[in-house]
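Assemble the complex: chain P is given as a structure, and chain B must be docked to it using the hints.
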Amino acid sequence: MALSNGASELKAGPNAQAAAGAKLSALFAGTMGPLIGLVLLCLALSLTTDTFLTVRNILNVLDQVTVLGIMAIGMTLVILIGGIDLSVGSVLALAAMVMGFVAHPDHLNLGMPAGIVTALVVAGLCGLVSGLLVTVTKLPPFIATLAMMSVARGLANMITDGSQIIGFPDWFTSLSIIRHFGFLSVTVGLMIVLAIIFAIFLNYRATGRSLYAIGGSAEVARLSGIPVKSLTNWVYAICGVLAGLAGIVLAARLDSVQPSSGFGYELDTIAAVVIGGASLSGGVGSIGGTAIGVLIIGVLRNGLNLLGVSPFIQQVVIGVVIALAVATDTWRRRAQ
Amino acid sequence: MSLDPSHTQTSHLGLFVSGLCKSYGPVQVLADASFEVRPGEVVALLGENGAGKSTVSNIIAGSTKPDAGSITWRGKPYSPASPAAAIDAGVGMIHQELKLLPDLSVAENVYVGRLPMRGGRIDRAAMNARASAQLKRLGLDVSPERKVRTLRIAAQQQVEIAKALTLNAELLIFDEPTAALGSEETELLFKQIRKLKAEGMSFIYISHRLDEVAEIADRVVVMRDGRIVARHERADVPVRAIVEQMVGRSVERMFPPLSEPGSETLLEVENLSSPERSFQNVSFSVRTGEILGIAGLIGAGRTELVRAIAGADPISSGSVRVAGKPVHLTGPAAAIKAGVVLVPEDRKAQGVVLDQTIGENLAIGNFDHVAPNGWVFPKAVQKFAEAGIGRLGVKGRPNQAISKLSGGNQQKVIIAKWISRPPKVFILDEPTRGIDVGARAAIYDVIAELARSGMAVVVVSSDLEEVLGLSHRVLVLSRGRQRGILDRSEASNVAVMELATS
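Heads up: the sequence lines are chains P and B, in that order. Per full-length UniProt numbering, the first sequence starts with residue 1, numbered consecutively. Per full-length UniProt numbering, the second sequence starts with residue 1, numbered consecutively.
Just to be clear, a hint being listed does not mean it is correct.
[Claimed, not checked] Straight-line C-alpha distance at most 30 Å; calculated BS3-like pairs for lysine-lysine:
hint, chain 1, residue 1, chain 2, residue 2
1, P, 229, B, 195
2, B, 337, B, 424
3, B, 195, B, 99
4, P, 138, B, 424
No lab work stands behind these hints: they were computed from the structure.
In isolation and in its complexed conformation, chain P is listed as follows:
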């Protein structure tokens, strides 16, 4: 055997084809099942209601999933590295309250830009603290972010002693209302752009690929020279920032902020990521899958509303869908 030369003789034809195939399958890796589910769901709703398959309703669904979608991007990163973030709902509320407190005329009145920036910084710091608790204090992510969930919720309440802040400038609320080019609100656009950026990041950036390695085996990644600790801190910080951004989007949609908002959102977010084919043990998942997971939850809620199903039954249905989605995924993997 020769270690030196003769290495680069590559057969061009089949390899190029394989590479193209690999690219396509990478984009939809593990998302075929959820995608089929989404298509079937849309098909069923189109047949059973007159209103589902209208441009207006589809745009409504997109509007409704913006908050969930933005948070789910951050959660995808965290789950990819084998972590979990239970604090996103609370961080959303804290960021929204910080923005309201800094920007609103009844409080600090420093203007919207200052409010938004402060909110994002605070949210990022929350995430960073969670990350440090995991990497330095060696707390399990579940515990670290459970603690942050409580702390952030408490802080959100402390800012105004539990009361809400109402009324923001028109330009701010119109970010989620005015549909540019007839279909795209700024907030929906923001979600789409973020999804594309993070999809490219995860698929084509060395750092993004490193996250998959960390989730697959943190020790292998570390021994391969990947800075596991600092990337972990970054991932939690980014998840925090995105949760904060979701809080700002929610404020624009509601024209108000309240410390109780985002309660239970962490579970919806985790559900969307998992329905999208990510593995809670890390190393498997994609933004494409998460997008499908988010849409499945959004379409399901929307469709059940159109069908006049009570919100209580909706909860039952969504629970069943989560179990079904993950179960079929597990069966499929075992069959392979």
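Below, chain B alone, put in the same frame as chain P:
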């Protein structure tokens, strides 16, 4: 004697296995396997991975059902429907990966599933006393109330044996019992096996370490490709002969010829010590093209030492220089940058990301090559992977899951990952652990080739023959201390073991 076992069915009350067959789909993993185990005898079952040893033992231990064939045990037909049924019949198995509950006590582990009860509550006093008696029978001085997690692997294995004894096992199947044991612990295990043997117990002993088979076994059964290819009535068969039967061809040369090392010193380690004192004041140097073997018993600090040199664990004092330049060992990344790479001890936990492809595994740690400016393109990964695969002769394609590869091919992927940098110092920790005898030769060739291409190579191995056959010089550690560096000419089994046990 060499009578066909099927004709001697009534001659004793041991185990007769005759004509066992097992297929999974179109793959026949066991074909017409027949052998016997007499009372009070140790039969070694040898063969490469996939030869059918585990299938046979799983059938005997009740966890797999055969497609055809029959077993007679203690004069009666025996076809256990489950491991529990096998245990009831007096057949136990000690798995390679111990099946203990780490957070329960020793006694609880021994009696799990059948805890002695009194008045609806667990009778702890009786349980501890009985467990204690069994441990004493094995010559083990461990409190029955101690948590299993706090015991060394060897002691945990003893707990499993004690458990089998309380189940009144008459036949024990050992699957690679010494894989994680040092030589003293192995000696203790052998002593116990001999004692139990004298009491009339029978053993089926599966191992890859052929030297110890000669020591403990009475007879040897060799398997290949699901068939029994040889039965030896004595255990002191030449190792070479057994290996040839295992791999089905003659093994002319296990170790490749070594090339002459160069004169330039590439790796200098000076007075290196670890914070946990797992090794202290170790100093050595390795030249270009030289292979330094590191030998020692389990727990001597070999793995800890090489991990520290590769930046994986912190050091408390000392220095490492590569090609004359001091290396700040702040982490694996710094070591890799300085040209020191490590093929770690535990392939599955530290070497490969099992749910990724070969290509992705090769790209990890090479993003500086594969992804200039940080952009990773599948085509570049593919090309990089194909180069690595071609260079080491890995049997696989870049987009194939690495979990589908054999151990030997996975190990080649890990080596290929680093080879293109190229590194200056290549450290391999237990490079052939869990790899088939036939595939080991290929790994040895690769290691010799690394040295020939001018790298300084460090090889850690528990397999003494491997260290001796591969190394220009052998450094011997014992209890964290460097006991000496032997030249190839003076390094013998005896010389190394003398230092290692000092």
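Status of each hint after checking the structure:
Between residue 229 (chain P) and residue 195 (chain B) the alpha-carbon distance is near 51 Å, which puts this suggested pair outside the 30 Å criterion. The hinted pair formed by residue 337 (chain B) and residue 424 (chain B) meets the criterion: a straight-line CA distance of about 10 Å does not exceed 30 Å. With a C-alpha separation of about 24 Å, the suggested pair residue 195 (chain B) and residue 99 (chain B) falls inside the 30 Å cut-off, and the hint holds. A hinted pair counts as satisfied when its Cα atoms are at most 30 Å apart, and residue 138 (chain P) with residue 424 (chain B) does not qualify at roughly 34 Å.
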